[in-house]
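K.L.:
Since each chain comes alone in its own frame, lean on the hints to assemble the complex.
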Amino acid sequence: KQEVTQIPAALSVPEGENLVLNCSFTDSAIYNLQWFRQDPGKGLTSLLLIQSSQREQTSGRLNASLDKSSGRSTLYIAASQPGDSATYLCAVPLGSQGNLIFGKGTKLSVKP
Amino acid sequence: EAGVAQSPRYKIIEKRQSVAFWCNPISGHATLYWYQQILGQGPKLLIQFQNNGVVDDSQLPKDRFSAERLKGVDSTLKIQPAKLEDSAVYLCASSLTDITYEQYFGPGTRLTVT
Chain A
67 KQEVTQIPAA LSVPEGENLV LNCSFTDSAI YNLQWFRQDP GKGLTSLLLI
117 QSSQREQTSG RLNASLDKSS GRSTLYIAAS QPGDSATYLC AVPLGSQGNL
167 IFGKGTKLSV KP
Chain B
26 EAGVAQSPRY KIIEKRQSVA FWCNPISGHA TLYWYQQILG QGPKLLIQFQ
76 NNGVVDDSQL PKDRFSAERL KGVDSTLKIQ PAKLEDSAVY LCASSLTDIT
126 YEQYFGPGTR LTVT
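Protein chains in written order, with the numbering used here: chain A, 67 to 178; chain B, 26 to 139.
Everything labelled a hint here was simulated from the structure, so no lab data went into it.
A couple of the hints might just be wrong.
To be verified - DSS-like mimics (lysine-lysine), calculated; alpha carbons at most 25 Å apart, straight line: (1) A/K173 with B/K103; (2) B/K69 with B/K36; (3) A/K134 with B/K69; (4) B/K103 with A/K108.
Said to hold, decoys possible - Quick list of the computed label-pair ranges, beta carbon to beta carbon: (5) A/N88 with B/A30: 27 to 37 Å; (6) A/A75 with B/Y35: 34 to 44 Å; (7) A/P178 with B/I63: 15 to 25 Å; (8) B/G53 with A/T111: 33 to 43 Å; (9) B/P106 with A/E83: 41 to 51 Å.
Unchecked claim - Chain A side only, calculated, beta carbon under 8 Å to chain B, not exhaustive: (10) N88; (11) L110; (12) I116; (13) G164; (14) N165; (15) G169; (16) G171.
Only a predicted model underlies this, so the values are computations on that prediction, with no experimental measurement involved.
Positions of the beta carbon are idealized from the N, C-alpha and C atoms, including for glycine.
Here chain B stands alone, though its shape is the one from the complex (with noise of 0.2 Å):
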């Protein structure tokens, strides 16, 4: 069985420039999750889908972070304008919609932001 996907890998900006990235989830997992984990920290929610719908989004910077998954399948994460303080580790996460909810991540994308 894949793996979730996530590209590009890494990617480097500079400050107010835009960035995406995209996130393919394991096959038949409704529900998928975008992390964003600093240098030292445990991931942070962004947000949460199931299917195509939101189900959490509290935690978005929603003035510059935007996400959508089309068709509930593939999903895409966009900042614009990014900030010295968004360079982490953007972790895609999927996961069924079962009683266990245990999710499954993806390599991540590191961003660094100059």
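Pulled out of the complex, with its shape left as it was, chain A reads as follows (with noise of 0.2 Å):
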């Protein structure tokens, strides 16, 4: 049964830092790994998908990498603001279908 666990539950640091957020998941045997970002009361936005042939993947001051053998992805965020704030989501597909399999997620507060 896939598991996916998101550490740390919740992170605060000044405005500038550079941070990491970690997702692992058991079964290694994956067709991709999504990050996403929940905004408080908003729904889901996707950042990155990484495909299971791909090491990482970069948008503007994120960086997603992946790991299938060890289970784990990390999501790097370059010069933090307060904007970043929010909930940094990892999720995997169960199978080819494509249902998510979701941690419980990063709670994220960047301050000013």
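P.N.:
See the structure below:
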């Protein structure tokens, strides 16, 4: 059974810091891994999707890496800003049909 | 390109009442998902459609929840009768049926059952 864990559950940093969010999964036979952002009371916004054949993906100040063999992914946020404050969720599909298994998320707070 | 639309955004009902949620996916997306997100948890799949057929409804409480996707476009999710533990955000997502299955989510419907 696939399980997804995110550490830490919450993180508070001062503005400008670089930070790393962690995601681990128990079954390494995944098709891809997706990182999402969720603002309070809102839906999920897709940030990055890494295919199983890729090692990393970058979008602006965000960089996500994937190590299938160790069952881990990291989301690196450079030069954090107060607008980055949100909950970050990672998810992997169950099988090839796309049903996503989510972690509980990391709640990030960036202080001005 | 318009995103996934959901309505209503908020709903408050009493237990044992019924409620329905509506979702309109991104145009051309064959796969549609309904997820339930309880406070402090990640979303959990309730049902997945491909066009108007059900792919996975193994976690849908079928004694009270039902969903349909007529004509392979819009979808409705219904709860009847509602229980207190149904209080959650109900998220609709859609994806192309391609190798990535990258999912795009709507804003969600926040249901409170009193």
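K.L.:
Decide, hint by hint, whether the structure agrees.
P.N.:
Going down the list of hints, with the structure as the test:
1. A/K173 with B/K103: violated, 31 Å
2. B/K69 with B/K36: Holds, at about 20 Å.
3. A/K134 with B/K69: Holds, at roughly 23 Å.
4. B/K103 with A/K108: holds, 21 Å
5. A/N88 with B/A30: 27 to 37 Å: holds, 33 Å
6. A/A75 with B/Y35: 34 to 44 Å: Given a distance of about 26 Å, which is not inside 34 to 44 Å, the answer is violated.
7. A/P178 with B/I63: 15 to 25 Å: violated, 31 Å
8. B/G53 with A/T111: 33 to 43 Å: Violated, at about 20 Å.
9. B/P106 with A/E83: 41 to 51 Å: holds, 49 Å
10. N88: Violated, about 15 Å.
11. L110: Given a least distance of 4 Å, the restraint on A/L110 holds.
12. I116: violated, 10 Å
13. G164: holds, 3 Å
14. N165: holds, 5 Å
15. G169: Nearest chain B Cβ about 5 Å off; hint holds.
16. G171: Constraint on A/G171 satisfied, holds at 6 Å.
Against the hints set out earlier in the document, violations occur for numbers 1, 6, 7, 8, 10, 12.
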